[in-house]
Amino acid sequence: DAKTTQPTSMDCAEGRAANLPCNHSTISGNEYVYWYRQIHSQGPQYIIHGLKNNETNEMASLIITEDRKSSTLILPHATLRDTAVYYCISQAVDKIIFGKGTRLHILP
Amino acid sequence: EPEVTQTPSHQVTQMGQEVILRCVPISNHLYFYWYRQILGQKVEFLVSFYNNEISEKSEIFDDQFSVERPDGSNFTLKIRSTKLEDSAMYFCASSKTGTGYNEQFFGPGTRLTVL
Chain H
1 DAKTTQPTSM DCAEGRAANL PCNHSTISGN EYVYWYRQIH SQGPQYIIHG
51 LKNNETNEMA SLIITEDRKS STLILPHATL RDTAVYYCIS QAVDKIIFGK
101 GTRLHILP
Chain G
1001 EPEVTQTPSH QVTQMGQEVI LRCVPISNHL YFYWYRQILG QKVEFLVSFY
1051 NNEISEKSEI FDDQFSVERP DGSNFTLKIR STKLEDSAMY FCASSKTGTG
1101 YNEQFFGPGT RLTVL
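One line per chain: the protein sequences are H and G, in this order. Using the numbering used here, read the first sequence as starting at 1 and increasing by one per residue. Using the numbering used here, read the second sequence as starting at 1001 and increasing by one per residue.
Be aware that a few hints might be false.
[As the list claims (entries may be wrong)] Subject to a maximum C-alpha distance of 20 Å in a straight line, what follows is the list of computed EDC-like cross-link-like pairs (lysine to aspartate or glutamate): (1) 1042/G x 1086/G; (2) 1096/G x 1001/G; (3) 1078/G x 1018/G; (4) 1057/G x 1044/G; (5) 1083/G x 1053/G; (6) 1057/G x 1068/G; (7) 52/H x 1103/G; (8) 100/H x 82/H; (9) 1078/G x 1062/G; (10) 3/H x 1044/G; (11) 1078/G x 1053/G; (12) 3/H x 66/H; (13) 1057/G x 1086/G; (14) 1096/G x 31/H; (15) 3/H x 1056/G; (16) 1078/G x 1103/G; (17) 3/H x 1018/G; (18) 100/H x 1044/G; (19) 3/H x 1059/G.
[As the list claims (entries may be wrong)] Restraint-style ranges between C-beta atoms, simulated for each label pair: (20) 108/H x 1096/G: 34 to 40 Å; (21) 1002/G x 93/H: 22 to 28 Å; (22) 63/H x 1010/G: 35 to 41 Å; (23) 105/H x 1039/G: 19 to 25 Å.
I should point out that these hints are in silico values taken from the structure, not numbers from a laboratory. Where is the CB? At the ideal position from N, CA and C, for every residue including glycine.
All chains, full assembly: derive it from the sequences and hints.
See the structure below:
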């Protein structure tokens, strides 16, 4: 089973920042936090990952709490194309164990 | 930008038939994976493959499944005798490295329909 918990769904207005929370209270020291998303019927897409520092790339920012028990994915200016299921994953090994993720709806 | 490709995009087969799903991973990647997603359900790990052998497999990956890297570019998933419950989207993925920093790149999937 997935070791993270996420809200089932969230709404965000187009153009606003989407903040997706994730709880990974049992994360161990060598596990990274990864975020992937799946746009309807497509293959999952990598977004960002981090170990303990905050990270930013062209798609998103990842804020990890100091105790590493939770994190937030931030999409700074959400567009309709960001409508997808977002998966938060903590892992140290090869296989990805997907949970149910957060279904993010971007509202026009 | 390099990407993982999969063929066919949709495969329809009769129960009991063999199917082979094909994937071309990104060329400098060393780790390869298959996942499946039954309609409306979670993405599930099937198998990982490195250095020409299976490194890990899930309970789903029973004797009816096999994987192969027949040449330097293709990575295949074979289902010997398909069952109705094998109907799903099958995703191939690849990554440069394994443990730890392990960004996986997924293909667009093959939709398998077993009649």
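Evaluated hints:
{"no.": "1", "hint": "1042/G x 1086/G", "result": "14 Å, holds"}
{"no.": "2", "hint": "1096/G x 1001/G", "result": "15 Å, holds"}
{"no.": "3", "hint": "1078/G x 1018/G", "result": "7 Å, holds"}
{"no.": "4", "hint": "1057/G x 1044/G", "result": "11 Å, holds"}
{"no.": "5", "hint": "1083/G x 1053/G", "result": "25 Å, violated"}
{"no.": "6", "hint": "1057/G x 1068/G", "result": "14 Å, holds"}
{"no.": "7", "hint": "52/H x 1103/G", "result": "17 Å, holds"}
{"no.": "8", "hint": "100/H x 82/H", "result": "17 Å, holds"}
{"no.": "9", "hint": "1078/G x 1062/G", "result": "11 Å, holds"}
{"no.": "10", "hint": "3/H x 1044/G", "result": "14 Å, holds"}
{"no.": "11", "hint": "1078/G x 1053/G", "result": "15 Å, holds"}
{"no.": "12", "hint": "3/H x 66/H", "result": "18 Å, holds"}
{"no.": "13", "hint": "1057/G x 1086/G", "result": "16 Å, holds"}
{"no.": "14", "hint": "1096/G x 31/H", "result": "18 Å, holds"}
{"no.": "15", "hint": "3/H x 1056/G", "result": "19 Å, holds"}
{"no.": "16", "hint": "1078/G x 1103/G", "result": "25 Å, violated"}
{"no.": "17", "hint": "3/H x 1018/G", "result": "35 Å, violated"}
{"no.": "18", "hint": "100/H x 1044/G", "result": "11 Å, holds"}
{"no.": "19", "hint": "3/H x 1059/G", "result": "19 Å, holds"}
{"no.": "20", "hint": "108/H x 1096/G: 34 to 40 Å", "result": "38 Å, holds"}
{"no.": "21", "hint": "1002/G x 93/H: 22 to 28 Å", "result": "24 Å, holds"}
{"no.": "22", "hint": "63/H x 1010/G: 35 to 41 Å", "result": "40 Å, holds"}
{"no.": "23", "hint": "105/H x 1039/G: 19 to 25 Å", "result": "20 Å, holds"}
Going through the hint list in order, the structure does not satisfy hints 5, 16, 17.
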